[in-house]
Each structure stands twice: as C-alpha cells, then as structure tokens.
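Enquirer: Chains as they are written, first to last, in the numbering used here: chain A, 1 to 263; chain B, 1 to 263.
Treat each hint with caution, since some may be false.
Claimed, not checked - Over the 10 Å line for every Cβ pair with chain A, so calculated as not near, a few chain B residues:
(1) R9
(2) E21
(3) V28
(4) A49
(5) D67
(6) P70
(7) S74
(8) P121
(9) P122
(10) P134
(11) R171
Unchecked claim - What follows is a set of in silico ranges between Cβ atoms, one per label pair, in the way DEER data are often shown:
(12) G112/B x G141/A: 24 to 30 Å
(13) A217/A x P134/B: 32 to 38 Å
(14) G175/B x A135/A: 53 to 59 Å
(15) P134/B x R82/A: 33 to 39 Å
(16) R82/A x D95/B: 18 to 24 Å
(17) D19/A x A125/B: 54 to 60 Å
(18) L25/B x S83/A: 47 to 53 Å
As the list claims (entries may be wrong) - A short, non-exhaustive set of chain B residues, derived as facing chain A with CB atoms under 10 Å:
(19) V61
(20) Y62
(21) L63
(22) R90
(23) A111
(24) D161
(25) A163
(26) G164
(27) F195
(28) A214
(29) R226
(30) E232
(31) Q251
Everything labelled a hint here was simulated from the structure, so no lab data went into it. These numbers were taken from a predicted model, which means no experiment stands behind them. Glycine included, every Cβ here is placed at the ideal spot set by N, Cα and C.
Protein chains: 2
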Amino acid sequence: MAGFTDATRVRPDGAGGFDAELDPLWTVGGKPNGGYLLAILARAAVEAAGTHPDPLSASAVYLSPPDPGPAAVSVEVLRTGRSASQIRARLSQKDRTCVEALFTLGALAAAGEPRWVDAAPPPVAAEQDLFPTPAQAPGTGLRIDMLEQFEQRIDWQAVGDPAGELRGWLRLPDGATWDPVSLLFAADAFPPATFTLGSNGWTPTLELTVYVRALPAAGPLRVRQRARLLTEHLVDQVCEIWDSQDRVVVQATQLAAYRMATP
Amino acid sequence: MAGFTDATRVRPDGAGGFDAELDPLWTVGGKPNGGYLLAILARAAVEAAGTHPDPLSASAVYLSPPDPGPAAVSVEVLRTGRSASQIRARLSQKDRTCVEALFTLGALAAAGEPRWVDAAPPPVAAEQDLFPTPAQAPGTGLRIDMLEQFEQRIDWQAVGDPAGELRGWLRLPDGATWDPVSLLFAADAFPPATFTLGSNGWTPTLELTVYVRALPAAGPLRVRQRARLLTEHLVDQVCEIWDSQDRVVVQATQLAAYRMATP
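The following block holds chain A by itself, in its conformation from the complex (with noise of 0.2 Å):
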C-alpha cells in the first residue's frame, strides 16, 4: 500500500505539529476526499499519543475543503489511558481550517474474535464479473482522479435492491493490505447512495463518524452504503464493510448536506 501510505505521511514540524502533503491523485473533482483527509489526520493522532496503534473511533466535521499542495495538523492529546486514548486533530491550509476530527485510539489486535455480530455480509457479485469504476464515467462532468489509485467494483445489478442502496468492492492496487488507517478512507470512498434514489447531486460531508472494529484480512472489502433519510437539504448515509474473511471491519455513519444537481 505504499500510494496511499505516502500520501498520507505527516511529519513533526519541530513545533508540536505535524506537516502533510494532500496529494493531487487522491481526489474527487480535484479536492481531496475526506476519507483521505481523515486519515491523515488519523496518522498524525497515533504519532502524537504514542500509546496506541489504531483508530477505534473518528469522528470528523468538515468545514472548508483543501486544495491539493501543503497542509498543517495540530494535535491535542485529550487523554491518555491504558486500553485507549483520546487525540483531538485538525487540518488546515492557509490559516484556514479544514476539517477537525476527535479519535478514540486503541489495539485492534487485543480485540478478541467477536463474542456476537448481528451484521451479515450482503450478497455481491462476484468481484471479477464487475468492472473497476473508471476515474472519468462517461456523460458525468466530474473527474474522480482517486478511482486511478484503487479499485471500486459496484454491483450494477443490484443498484437499488433495496432502494437506496448500493454494494461491491473495494481493493488496493498490487496485492496491498488494508489497514486500520486505510479503512477510514474506505469509509467515504463509495458513491453517494442518494443517486440510487434518481439523484447526482452533490452530497458535500458534514459529519463522518467511522468505528474500526477489526483489522482486516488480506483481500478485497465487501462494502455496503445506504441512505436512511432524506430530507429537503441534508441526508445520512451508513457505510458497512467487512473483510475477505466476512468479518465486520468498519462502521461508519455521514451526515451530507444534500443539493439538487443543476439538470
């Protein structure tokens, strides 16, 4: 995974913070996507509590998206524990700031196997019947440049079965694995559901939470994204994905403001 692993280094700047590069390959109509930029801010927490390998839980707000080019992390470790601890971080350029997330962080590996799951993995196509999604769909005026750098699959057929859903697959070029960091990207790297519902509008993120319940086996991720409630201005959308061993990995949750598509 060294694509998405140097695309998200953070360095110390000498002064508390962190120093990071957004990279131009990792967006969505040239701003980069906000799974990416969480775990950024993801990497930066770990480096600065020093206690804890993984995320456990992130919860982002979303205030001014970025430009590709040099960007600025400043982290507060909240509290440090002894199974968990709790790292507050922000983004910003400029002066200005972009995006700020909280963070439980823990060792997913001192998880266990699980003692109960009501959360089965959903039917998929198999994974080479479908094709890659291309950065540049045709008849769409957007140019999602990320698509270049993984593979997502999307079960066609299954589009709206049940309405507002959508499933397939998500895998790192060349063999790579999935990480706890990695998985929050994966959290917000599938289409809105909301144009399973006749819509393409934009869905910009409020809101991003994502709880890593696993570390991931090697192979593809199932994925799973679902609308739940949309009003005039703003939907949710459940992200659920599970590893190539059909366990749970990611739950994750967004709240999208919601605009029309000018036709």
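With chain A's structure known, arrange chain B on it following the hints.
Expert: Relative to the frame of chain A, chain B by itself:
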C-alpha cells in the same frame, strides 16, 4: 420541560466561555448521564454561534466522568455559514477535561418533509401497558436517579426479539415536549442493549454521535436500541428514535467499552 431546560442551562462566564451546574438528579450511579452532558455542550454551542437554533449533528468523546456540581464549558466556533455552522465545545471540571464534542448547527424548521425514508417505526407495546422503569430496580446495586425525571417504558416482552435489541418509550413529565437539544439526551437515555445478550456489565461510552433529523411532535418518543457487534472489550450501539407522528427524529450510534460485571 422546565426540569431538563433548567438542568442544562449555561451562563456566559464573561470570558468567552460558559458556566454550567451539573444536576445531581440527571445521573446514573451518581454520575451525570452522557447524553445530558452532550445537551449542555449543545446549548453552549448554539449560544456561542448565535447563527442557528438546532444541533443537526453532535459527536462527542467521553474522557473522564464529572461529578454533579459546577463545570465550565469552553467553545470554539469553527465555521459559520448560511445553512450550517460548526462548533467545538469542551466540558471541564476543576481543570480536568471531561467531554469534548463537535457540532453542526442548523435550522430544522427548514428541513421540510422527508423526500425518502427507509426506517419504519418498529412495533412497541402500547405505552399504558408498560411500567415506567424505576430508579432503583430490584436486585441491582445501581441507582439511576435520572429515571425519576422522565418516564422510560421498556417493552420487556419484546426484549431480545430480535437478539441485541430493546424497544420502548420516553416521555417527559407534565406534558413537556421534546426539542432538538433534549433529543441529544434521549439518544443516550436507554439501557445498554448488551443486557439483552445476557450481560449486565458496564458499558461506559467512548464516542457518541447523534444526528437530529426533525423537530419532534408533541408526545412520547419511540426508541429502538440495538447492539450490532460485541467484541472482547468494545460494543457499538445504534439508537433510533421516532416521534409520536412516526417520523424519524434521531439517528445515533455509540462505541462503548465493555466490561463484564463481576458476578
């Protein structure tokens, strides 16, 4: 709703922050309830922003449980916008940070009617056929003082059907109506769903995210609390709330530490 409104009041401290008084009545085992603390932070956020009346999203990390008594709330306005503003708020007591939360504020009166919804209200036995949960349940050592401030009625016949789920009603006394701030409390007012799985252990909240989706109609709230994945030390719980008109008003999720009760 004088009780809850009084108990969550914040007063400007003259230095940009707020003073709060944590009420001993809104406690579980002597400690202020997490949703109650989130409501206090929301009131400070709304007052500090001065732009929008309602919390649309609230995401909190719980660091250290405060005691009843005086507490301080500090607030930073992260972004003010036309349709939404975003705020960070922190509750501390005696220089110890207890809770920190990120808010998106907006105006729910402008939310309009749902365009699409996939969240039918679940069956719950009629309110008058269910007993209010007592503050001191027989056979438990835990006193839940807040249960004398509102009515919580659990459908015991339906507990564990399906497994990991409990359903019931919440009502404020004296015909008081719920509002977007008290809905933040409602999202954390039910018992942990883990007890339907045969455990009455503690589940201290690490992270709680609440989306308030509509202004609630007068009358009781219908609540469904579900655990989805229980691992060795962590559990997530989804809390969904409908108002008396069967409209979705709250979508919430929390990640909690899970400790077996000592037998």
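Enquirer: Tell me the hint numbers this structure goes against, listed in increasing order.
Expert: 13, 18, 24 and 27
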